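Asks: Now for the letters of each chain:
2 protein chains.
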Amino acid sequence: MRNVTTETITEAFLNYCSPETAPRTWKVLESLVTHLHAFAREVNLTHEEWRLGLDLLKKTGEITNDERNEYVLLSDVLGLSSLVDMINSPDVGTPSSVLGPFHILGAPDLPVGGDLKRDNEGATVIVSGKITNPEGDPISGAELEIWQTADNGLYSNQDAGQPDYNLRAHMRAMDDGRYMFTTVRPAPYTVPDDGPVGVLLHATGRHPWRPSHLHFIITAPGHRTLVTEVFPSDDPYLDEDAVFGVREQLVMVYEEHSDPSELPDGLAIGRSATTPFFTVDFDFVLSPETP
Amino acid sequence: MRNVTTETITEAFLNYCSPETAPRTWKVLESLVTHLHAFAREVNLTHEEWRLGLDLLKKTGEITNDERNEYVLLSDVLGLSSLVDMINSPDVGTPSSVLGPFHILGAPDLPVGGDLKRDNEGATVIVSGKITNPEGDPISGAELEIWQTADNGLYSNQDAGQPDYNLRAHMRAMDDGRYMFTTVRPAPYTVPDDGPVGVLLHATGRHPWRPSHLHFIITAPGHRTLVTEVFPSDDPYLDEDAVFGVREQLVMVYEEHSDPSELPDGLAIGRSATTPFFTVDFDFVLSPETP
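Chains as they are written, first to last, in this note's numbering: chain R, 360 to 650; chain P, 360 to 650.
Hints are not guaranteed to be accurate.
[What the hints assert, rightly or not] Cross-link-like lysine-lysine pairs, in silico, DSBU-like; alpha carbons within 30 Å at most:
(1) R/Lys386 x R/Lys417
(2) P/Lys386 x R/Lys418
(3) P/Lys417 x R/Lys418
(4) P/Lys417 x P/Lys386
(5) P/Lys417 x R/Lys386
(6) R/Lys386 x P/Lys386
(7) R/Lys417 x P/Lys417
Since the hints were derived computationally from the structure, they do not count as laboratory data.
Note that the structure is predicted; figures quoted are calculated from it, not measured.
Pulled out of the complex, with its shape left as it was, chain R reads as follows (with noise of 0.2 Å):
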């Protein structure tokens, strides 16, 4: 196609793919390349704009490298890592929500009632509840991999003050779905605003700071495995997670103690918790795998 416009350009990308192009392949990149042009026509888009653009994405490929990608912290704050997660998420169960790039595999094993917090200091924080198929039956068989920051905002990968798979663990549900551990109440951190993400951030006014939270993976036989993220009530990020993560259903209510004997029975911790201490009950539900 010789004469092409700016109307016409569209068709004549989708003219230049081969008829033999994978469905798959053809129908994203049609959408993709539908929404680029209709977003640089709407906006009227300027040689300038489009080399800043560029140059972006090039200052963001100068600063990735095996510890840090910040084409996914890109995404992450435009939403979209987040819009992924929703789409792909089953209509029943607990939302998942981002996987982050602070997972690692190894974790230790930690038996139900364990003690997570160890050395950590900061507040004590009894995490509680069972994981249930959509009907609310407990499912047996459950695993969960669980990972948090120290009270410092990093971490173990971060910190070099931290032990290896510090705040760390694997944990087998009991048979009727129930999982307990003690552990630390993680705080709110900022993800990193010193690349070209940060300076997307600051041209529109927005901080780097994501509420506080624990992650999980949650696994079980014959169900969808879910990766999510629980984030407690009175975190003053909640409204304003820079990465779009917190749903409704992920909010998580600590709440407090000063009585030891209200410290539930089973606990590796015994009565030893320092006063006051937090509980959270928070159950998850994981929908069916689809065949």
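Given the coordinates of chain R, assemble chain P onto it according to the supplied hints.
Replies: Below, chain P without anything else, positioned relative to chain R:
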């Protein structure tokens, strides 16, 4: 906003942006993010496709260096670069087309009628025409920058076998707007397809060829600078330029001659052109500078 859903996430993104965001930044980001989210919803983008897309951007960064900007190439083959050119083209005058990555500053002066071909092998072409305003009046004081490939499809800065500034010139047009020079017929060439852009081209059955062309930048007092390319009517890739640069009004016609007496007057090469030779008559129309 804590209860982000697939339908409210675009609104959540805009809620996060400060009302003090520069209005143009707001407008561009609003449109960009609206289309990005609409795209993801429209195709039900999977996690795997999302990762693939981010990985393609990451690889685009890895192959980009001072000499090769794969982001610009990605924009080119998606049609975005040409669309931005067309959006910013004035309604009157010769259309603009992509600058491309091979322009360099400091090309030597060549008088009207001068010989750009010199020792280059290939067919001799005499290019001439005039530079006018939209009313057809000649513009005095116009200047041209000219660059092109050699007969092997390579620019001087891609090919150690060519002298510096080979087939590059700066020319001051005559007061009656006329320009003329002798050169070699440029050759079609391929954009680099050994990187992520090549993956995209191959996945859609597209070839990496561009039709042969002459590049021009034309400036004149009181007129908008024109960055454009001119393509021969008989080029096999005219209707399938990998970067969507061709416009109907940018097609030139090579006229073949076998009689040296048909050479125009005023050429530095005199009557010494090898036969057959080609002539091209192409006029450029500059639009007035907008205040």
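Asks: With reference to the structure, classify each hint as holding or not holding.
Replies: The hints, checked one at a time:
1. For a cut-off of 30 Å, the pair hint linking R/Lys386 to R/Lys417 stands: about 27 Å separates their Cα positions.
2. The straight-line distance between the Cα atoms of P/Lys386 and R/Lys418 is roughly 23 Å, inside the 30 Å bound, and the hint therefore holds.
3. Using a Cα cut-off of 30 Å, the hinted pair P/Lys417 and R/Lys418 holds, with the two alpha carbons roughly 11 Å apart.
4. Straight-line distance between C-alpha atoms of P/Lys417 and P/Lys386 comes to about 27 Å, which keeps the hinted pair within the 30 Å bound.
5. With a C-alpha separation of about 22 Å, the suggested pair P/Lys417 and R/Lys386 falls inside the 30 Å cut-off, and the hint holds.
6. Simply put, R/Lys386 and P/Lys386 have alpha-carbon atoms about 28 Å apart, close enough for the 30 Å limit, and the pair holds.
7. Taking the CA atoms of R/Lys417 and P/Lys417, the gap is near 9 Å; set against the 30 Å cutoff, the hint holds.
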